[in-house]
Structure formats: structure tokens, C-alpha cells
Amino acid sequence: MSNEQSMRRVTAIRNGTVIDHVPSGQALRVLEMLGIAGETSVPVSLVMNVPSKKLGSKDIIKVEDRELTQGELDRLALVAPDAHVAIIRAYVVAEKLSINLGDEVINVVRCTFSNCITTNAREPQPHRLRVVSRDPLHLRCHYCGRPQDLDELVKNAL
Amino acid sequence: MTGLITMDDLTNEEILSILDDAERLLPVARGEMYLPLLQGRIMGNLFFEPSTRTRMSFETAMKRLGGGVVNLGDVKTSSVVKGETLFDTIQMVDGYTDIIAMRHPRQGAAQYAQDAARVPILNGGDGAGNHPTQTMLDLFTIRQAHGRLDGLKVVLAGDLRYGRTVHSLSHALTRFGCELIFASPALLRMPAEIVSDLREHGSNVVETEDLYASINDADVIYMTRIQKERFADEDEYARCAGAYKLHAKHLGDVKEDMIIMHPLPRVDEIHPSVDVTRHARYFEQAFNGVVARMALLCRLLGVPVPEDVASAGGVL
Numbered sequence: 217m218s219n220e221q222s223m224r225r226v227t228a229i230r231n232g233t234v235i236d237h238v239p240s241g242q243a244l245r246v247l248e249m250l251g252i253a254g255e256t257s258v259p260v261s262l263v264m265n266v267p268s269k270k271l272g273s274k275d276i277i278k279v280e281d282r283e284l285t286q287g288e289l290d291r292l293a294l295v296a297p298d299a300h301v302a303i304i305r306a307y308v309v310a311e312k313l314s315i316n317l318g319d320e321v322i323n324v325v326r327c328t329f330s331n332c333i334t335t336n337a338r339e340p341q342p343h344r345l346r347v348v349s350r351d352p353l354h355l356r357c358h359y360c361g362r363p364q365d366l367d368e369l370v371k372n373a374l
Numbered sequence: 017m018t019g020l021i022t023m024d025d026l027t028n029e030e031i032l033s034i035l036d037d038a039e040r041l042l043p044v045a046r047g048e049m050y051l052p053l054l055q056g057r058i059m060g061n062l063f064f065e066p067s068t069r070t071r072m073s074f075e076t077a078m079k080r081l082g083g084g085v086v087n088l089g090d091v092k093t094s095s096v097v098k099g100e101t102l103f104d105t106i107q108m109v110d111g112y113t114d115i116i117a118m119r120h121p122r123q124g125a126a127q128y129a130q131d132a133a134r135v136p137i138l139n140g141g142d143g144a145g146n147h148p149t150q151t152m153l154d155l156f157t158i159r160q161a162h163g164r165l166d167g168l169k170v171v172l173a174g175d176l177r178y179g180r181t182v183h184s185l186s187h188a189l190t191r192f193g194c195e196l197i198f199a200s201p202a203l204l205r206m207p208a209e210i211v212s213d214l215r216e217h218g219s220n221v222v223e224t225e226d227l228y229a230s231i232n233d234a235d236v237i238y239m240t241r242i243q244k245e246r247f248a249d250e251d252e253y254a255r256c257a258g259a260y261k262l263h264a265k266h267l268g269d270v271k272e273d274m275i276i277m278h279p280l281p282r283v284d285e286i287h288p289s290v291d292v293t294r295h296a297r298y299f300e301q302a303f304n305g306v307v308a309r310m311a312l313l314c315r316l317l318g319v320p321v322p323e324d325v326a327s328a329g330g331v332l
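The listed protein sequences correspond, in order, to chains Y and Z. Just remember that the working numbering sits 216 ahead of the position in the first sequence, which is counted from 1. Just remember that the working numbering sits 16 ahead of the position in the second sequence, which is counted from 1.
Quick caveat, the hints were computed from the structure, so don't treat them as lab data. Nothing here was measured: the structure is a model prediction, and the numbers come from that model. Hints should not be assumed to be uniformly reliable.
Think about it this way: if two alpha-carbon atoms lie no more than 25 angstroms apart in a straight line, the pair counts; the simulated SDA-like pairs of lysine to any residue are [to be verified]:
1) Z:K92 <-> Y:T335
2) Z:K92 <-> Z:P281
3) Z:K244 <-> Y:S330
Could you build all of it, start to finish, from the sequences and the hints given here?
In C-alpha cells form, the structure reads like this:
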């Protein structure tokens, strides 16, 4: 099946965001990380485990009437760092956004360790996670040094 | 180098050079001579949770070198109880002092404070995280006894799960190529992420529940307290604690120069009969807290320790 056919499993959107090349089976995690899961008023379509030349198989997400912000792209970097993000306006790709996972993730998610100093919401310094390795993704809190569980981290988006 | 938050802030060469400084400062720490290297400097002692040895030895170290100390005092009567953030407390103390020694119940608090401060922070323990100044005094004690740090066989025993002392120490010993044996009840094993870190750094860690099987060829036995409150079942506690009580009668076949250490306070894990054996080093270890912290204070404040302390110092 061609890439184009994969994309057409769901209808084209007029305005919004298409997140392509999401690792197979990760679409729900991506939605949770973006805060789009659960209660949301915008239409969301997703296809999972469709064939992909590059990845073997992949997930695709289309969010209507919503353009991802830089903050959301930073969160996306933690669950789908190689995803392709396109902003759609009037049915055409108006902009392609790139996802950058730097050496540190600042004020994107909170450390998952319950006794970390950053669990005090009144402490004003930024939440900082160090990228220890990219593939597989390993993160550690800059302050307490604890390794981060990505499944837990999804629940700690800021 | 700004502060000392974890042992990763020091290279092996820096560790050895600070231990050399500490060695030269021993007569000053013992009060045999006066060497006011830190005269005019002020240390802030910020202990957000109880401490006896660490707090007192920091204060003694600073005063032996002629420096001054300001204390946070009891947390219950300080501005912390009014809800002041750590950030704000550090901003204030940073303005009053030249260096801060700190203990805090939250992990990561020392790094957090260092990021907020202009002056160096000495981490005196943050939650179950790091306790690098304890590690420095432990390394000093080990080197004092064995003349070296590399290639020793070290048994760490007791509560390895919650004991920050053994976490920092095992990382440091791995860097010097020591062989580590972790003897603990299953419930109090060294956290898996630390064991995996140590193995990644080339350590051949052995984990066991049997303390006594490992002691005869050890160079160091490092005991820690098994805390009753960690167990839901009192019988389970009694059974576990009983298996980690070192008595002089267990020491018949140990190496002659093997030393027994303990960060103190002890409860029952080292029987008083051990105190009079040649192996007991825990009280010297507690004293070494002063000299190790003296050397660290000098290093972090950029004050060199004279090569010939005897000629530089004066009579008390």
C-alpha cells in the first residue's frame, strides 16, 4: 500500500495539524502527551499500524482546527522524536514543523520521582530533564538524577 | 568546580588531591595547632532535617580553620515553616555567606540550591540521593587504613535501599576499581538503577543476603543501620536485623588489616565487642568527617592548603 493510500484511510482535513511517522502503536501516547486525549472539542482522526516504507509500520494523527504550538512540539519530541508535523490550511500544507530534541528538556514535563525537590509547585526554577541517550530515549532529572519512566512522564506534561 | 553536589563533580585526581590536603590538615583538625586559612570567611549551615555528625563536623571544620558559621537553626522556627521556598532561602543565605553546607529531605535539593546560588554548595545529604562529603570522609578512612583506594574488596551491608551513604560510596569505589559485595535483606537491596549504573561503569557487583559468607576475604566491611520503620511486619524485621549483627566472634578468620566502618548512629548491627578489636574504625571515621570537610571547604573556597602545614600553622 502506498503512503498516499495510508493517508487516505481518513479524510483530508481542511485546517489543522497532521502528525505523520509516529512510531507504530504510539498514537494514543502521543495524544495523551499533547493533552488531546479525553475531553477535547476538536475532531481527531487516527490510524494505527499502517505500512510505511521508512518505519515498516506507523501511526498517523490528524487534529482538526488546531495548530500545534512550540510547547506541544517539545512534548511530542519525547514520544515521537522522528514524527513529521504539517500544518494544514485550506486543505494544503502551509507549513512543515521540525521537532528538535536538544540535550535538555526544559519546562516541558515534571520529574516523575515523588520526592524530587521540583514536586513543590511553588519552587520557581525550571523543570529540567537531561537527555542521556536518544535511541532508546533515556532521560534523567537535572536535580535529583533519577531516570525517568516514559509511561509515567506522559502524565507529567506541564 | 562550583559546589560539591555529587561525586561526579570530582575527578579521581581531584579526590586524591583533596585527600592529600586532608592528610596534611590532621594536626589542625585535632586541635594541635592553629591554621586560620579561612579567617574572615563565613559558612551557612542549612540543615532542613536533623543531623548530628554532619552538621557538627562542618561547623568544627570551619571553626578549626578560623572561619565563622551562621546556622539556619531549627526548621520549625525558621522562615521555612512560613512556607518560604528553598529558592528564596538560598537567595537570602547566599547574600550572607561565602559557602553553604546543606542537608534537605528532598532529593535534588542540593543541585537546585546550587543553580540558585552564587556561592558553592556542599551537599550534606539530599533525600535518599547523594552524600558526597560523607563519601570523601569514607574514602579518607579507607585510604588511611590501606594506603590506597584501588582494587580493594568492599562489603557494603544492611539497608542499601534507602542509605544515601552507600549509594554515593559505591559509585566512588567503582571509579577506583574496587570489588563490591552488597549484603542486604531482599527488601533493602541496592536500587536496581544504581546496580545497573555500577555495572555499566565496569563494576563486578555481587549481591547476596549472606553477610557472614563474604567477610573473610574483605578489606573493608561497611555496615549500615537496618531501620525498623522500613518493615511492615515486626517479626520480619527481627529476622532480618538478626542476620546483620556483627559480633567479635565473627571476626576470627578475617584479614588482619580488614577495617569495619559505619556512618553512625548504630543500633544493634555492630556489637560493642567489636569496638575493642583492631578492625573497628567507625569512631575514627566520624572524626575524619572534620578533616575531610576542612579540605573540601578550602578547595571550594579556592584557598590552597600549604604543603608544609607544620611551618605555616601556629600554636593554639
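Original post:
What hint numbers does the structure not satisfy?
Top reply: No hint contradicted; all consistent.
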